[in-house]
Amino acid sequence: MIRQEFSRIDPKRRAALNHRGKQFEKPAYQNVEYKHRLNFYITPPTADITLEQFEQWAIDRLRVLAELEACSFRNKTPAETAAHMKPIIDKYLPLSSSTSGSTALQTERQKDHYSHFILRLAFASTEDLRRRFSRVESMLFRLRFQADDLRERQAFVEGLSLDWETVSDDERREYAEDLRAAGGGYPKRIEEESYFKVDWDRVPELVESRRVFLKAGKAYVPGREQLSMVVAEFTSKLDKALELTSRALPRLDEDDRLTPILTHLSQNFTTPDANYSSSNTALPGADISARNVDALSASFPLCMQNLHRSLRRDSHLKHYGRLQYSLFLKGIGLNLEECLVFWRSSFNKITDDVFNKEYRYNVRHVYGDVGGDSNRRGNGYSPFSCQKILTEHPPGPGEAHGCPYRHFSVRNLTALLQNVGVKDQEVLRGVKEDKEKQKFHLACNRVFEYAHKQEIKKVRDDGTWGAAQLETIVHPNEYFKRSYLLKNMGKNPIDGEGKSGDVKMED
Amino acid sequence: MPHSVSPENMATHEQPQDDMVAEAPAENGETQASENTFVADAEAEVENTQGDETMDHDMTMEDVGVQGDIVPEVALKVEIKSEVRLEDLFADVESDEEFPSSNALNIKTSSSPEAPSSPVPTGGSGSKPSDSDVMRSFYQRLFPWRHLFQWLNHSPTPSTDFGHREFAFTLQNDAYLRYQSFPTSDLLRKDVLRLMPSRFEIGPVYTTNPRDRKTLRKSSAFKPLAKEICFDIDLTDYDDIRTCCDRANICNKCWQFITMAIKVIDVALRDDFGFKHILWVYSGRRGAHAWVCDKKARHLDDQKRRAIAGYLEVIKGGAQSGKRVNVKRPLHTHVARSLEVLKSHFQTDILHDQDPWETDEKFDRLLQLLPDKTLNEALRKKWSSAPGRASTSKWADIDALAKSGVSKTLDAKALLEAKQDIVLEYTYPRLDIEVSKHLNHLLKSPFVVHPGTGRVCVPINTKDLNSFDPLEVPTVTDLLGEIDEWTAPEGEEVKAIQDWEKTSLKPYVEYFRSFVVGLMKDEKDVKVKREREENGDAMEF
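Line by line, the protein sequences are chains A and B.
For the first sequence, this note's numbering puts the final residue at 507, and the numbers step up evenly by one.
For the second sequence, this note's numbering puts the final residue at 1541, and the numbers step up evenly by one.
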């Protein structure tokens, strides 16, 4: 009896024990005192919490993170995001400053600490989840950092003991011009700003946007850019830790209490437009074939119409154009054989030989017909969402992919819209305003509503389509599907019931 | 076909007349004998009733039916025979010309099988550099294997820097072979000679030997660790602004775009990022690659590579984006410095040589980029009335008209900035950014032969950048000829001389060697230092 008790070690604590020393030592930081409001999440929690707390805290944090991600998808500015998030954070994950004198200070911080680590467990499993988790966690950290009291923030940063070298006054004067140019003309007098220098690769985002002066591999970072450095530090630490967690996961010495909760959590962390499965895109009665693409293209969103026009004009598209367009066509239900036929007939200036050698493989890869195991099993890539098109791979010279609302100049965009039949001055002005405010999806939806004015009015009046089916479009394939259904309402025999059920499935 | 048919016909033609055939059945029995005679009779009949020509025709048809298996074989043999004859003919004709010895023969022998296999002409004129014999000699005698090895290995003794490095071969039949790796340069050389790739590419160093990647328990354990940061500049990206050539063609005028690009990128990488070992390589046709080989550069992750790429990228957006240069004011040090470098090129290489705004629709593009409407109208009027006015004059007109005060609302600062942006748009390097962003991107190795042009991808010495002429870069056939032409200098020459030293490849190999030596020296220092540091750490523990 006694021996049994001695040999039993709480599995959670096993790692924290010094096996050579006192075997029954209490974890050193069982009850951490949280000095700062912000947390770099270096030390894992070791105190006991109940299962209910475990689940509830994680769900609360997840709510905040999901909302934050949604904000970034909608292209909200930092200020808008902060305003939008404030009530949500206050409700689910409040975090008071040290000076507030709140009695719940330590509990709040504990919840923040623990929930972070729980979600880390839940989202460490796959590369994709890790990347998203690290992205939103960094966003949350940035949001809090900005909202933090100046003095507390300073104390927190000092507590991190990051090795940043201060730029001397002489050096600052010597490079005054360069420093000011990098800061966009700021500061007017160089004495107003303090600078410190670090290896450039510690501030990659500042380097990427040329917001720092570089000299011999050192970046001269102005004091006000501290935020970006601290966030970069946070992200890199988190990324490393997630990597380690994922390696430790298979060895997680766990019974069946936590695993189901963790799986459940990670499954719920999906975005509305991240997965657009082909199963719910089926359009009964539609002739989706290579020779019909020209006709169907009337229902395409502007990005795809632009690709289609470029393809017809040049008989060619560059790599990302082909990728974006092939995936879209796959999404509307064009099968691999038809897609190959489509590309072959569209690239009419090259020989069969060249086509087979240089393009066939790529199209097949997109459909998951060739390539690595995971690509084949997953049936290739999923069609790009607006989010992806807007943020990844902006088009370069000679490329036609991307989102016209974002990547075209106002003048060219207007010309393109007029070409596809949007001539209403009111709409064009609206699009221009949306573009200036960087609300590209609003512009796209505006055009959609204009192009389907009558049909939308009809389904709204009939009550056949509810609000859910008419909400903002955030995926090109959704655009097509909705457009096609609206345009073919009369002609489609399987209208009404079956169709609206189909649409509902997406939510 | 006439070759293949005639001997066949001869053979079958003889058969019925052959006594042996008629006699053979007699030994076996009567019935067969009668059958055979019947056949012979029937044929005799045909011979009688129809003309000679039709008979021949009939016979061949029959042949195909009866002896189908043999026909193609015979045909093949005949073809080969005829080819040999052709070759001999050519060799005779050529060998007394100025091309001496085996070299000319090499080209001819292999050019004939090449012809039927690819109906689409590959663009090479006359000699085919992808021919195996030419390529074999090149890889055997000229390719600087040892220097390539030291370049990638960073020390004379083989290490994982080389051993875990991915090589990818493009074979003659265009198959693409990835994840090849070799412990030493000798083994790489051996495999290249065995497979005779038309070119090969260099990828990253991986966590394990790329050949063993499938034996790992978890596929995620196989990851790229390090690779030089690469930049790819290709003249096709300049097609909307270069007027002298398009697509795959280049001349000395448009090569200036590459010269400018190298200047701008090279100085930024050295001064701003502090890199020292930057190797520029001519890509064989219409572009250049940069390999940044510093240890620090090799180990950067994708995010940091993206940061460098973004830092260097000034021209953004596609053909439809309108104004593509949108830089903040005051100009960042890098942009200001680039502008300073590019200004003189703009005057000579762009305005004078390219003459980009010659015609009406072309100068429309220029007017789009200028801010003041009234000024634009005045310029349009002036230029339309003088068709064919040179771009240099047009560029000068902008300032002249602006000064004359055509426009009351003219914002001089905005005009100056617009003009700076135009200079940048027409001269600033256009990088194929994807190559630089990813650690595991493969890039063609230096010193391989471009399959289309036959030119060797030689390193470009940035000290003599202005004198580099892509059209003067030796082709593989030139080089092999030079070996043959070479004669030992008069006097006592005992030292063995390598084949590349006999050719015009010599300066390039020597430059590469000095580059590699410099790299290895720095690498050694770093190693010693690191060991010391590690020891220091250990002491502290």
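Don't read these hints as lab results, they were simulated from the structure.
For clarity, every value in this text was computed on a predicted model and none was experimentally measured.
No residue lacks a Cβ here, since even glycine has one placed at the ideal position from N, Cα and C.
Keep in mind that a hint or two might mislead.
To be verified - Cβ pair distances, simulated, as ranges:
no.	chain 1	residue 1	chain 2	residue 2	range
1	B	E1434	A	E449	47 to 57 Å
2	A	A82	B	K1403	29 to 39 Å
3	A	R411	B	S1220	45 to 55 Å
4	B	E1434	A	E127	55 to 65 Å
5	B	K1295	A	I49	44 to 54 Å
6	B	C1244	A	E449	27 to 37 Å
To be verified - Partner residues are not named here, just some residues of chain B that face chain A (Cβ under 8 Å, in silico):
no.	residue
7	D1174
8	R1178
9	D1239
10	D1240
11	D1271
12	F1273
13	G1317
14	N1326
15	P1330
16	L1331
17	D1355
To see whether the hints hold, each was checked on the structure:
Restraint check, E1434(B) to E449(A): a C-beta distance of roughly 36 Å breaks the suggested window 47 to 57 Å. The hint said 29 to 39 Å for the Cβ distance between A82(A) and K1403(B), and at roughly 49 Å that hint is violated. Judged by the Cβ atoms, the range 45 to 55 Å given for R411(A) and S1220(B) holds: they are separated by roughly 48 Å. The hinted range of 55 to 65 Å is not satisfied by E1434(B) and E127(A), whose Cβ atoms lie roughly 20 Å apart.
Against the hinted window of 44 to 54 Å, the Cβ-Cβ separation of K1295(B) and I49(A) comes to about 46 Å, which satisfies the hint. At roughly 48 Å, the beta carbons of C1244(B) and E449(A) sit outside the given window of 27 to 37 Å. Against a cut-off of 8 Å between C-beta atoms, the interface hint on D1174(B) holds, since the closest Cβ of chain A lies about 6 Å away. For R1178(B), the shortest C-beta to C-beta distance to chain A is roughly 12 Å, which exceeds 8 Å, and the interface hint is violated.
Interface restraint check: D1239(B) against chain A, minimum CB-CB distance 7 Å, threshold 8 Å, status holds. The beta carbon of D1240(B) is positioned within 8 Å of a beta carbon in chain A (closest approach about 6 Å), and the interface hint is therefore held. The beta carbon of D1271(B) comes within 7 Å of a beta carbon in chain A, closer than 8 Å, and the hint placing it at the interface holds. The beta carbon of F1273(B) comes within 6 Å of a beta carbon in chain A, closer than 8 Å, and the hint placing it at the interface holds.
Nearest Cβ of chain A to the Cβ of G1317(B): about 6 Å, under the 8 Å cut. The hint holds. Contact between N1326(B) and chain A, as hinted, is not supported at the beta carbon level, the nearest pair being about 10 Å apart and thus beyond 8 Å. This hint holds: P1330(B) has a C-beta 4 Å from the nearest C-beta of chain A, less than the 8 Å allowed. Satisfaction of the interface hint for L1331(B) is found here, the shortest Cβ-Cβ separation to chain A being roughly 6 Å, below the 8 Å cut-off.
Contact between D1355(B) and chain A, as hinted, is not supported at the beta carbon level, the nearest pair being about 20 Å apart and thus beyond 8 Å.
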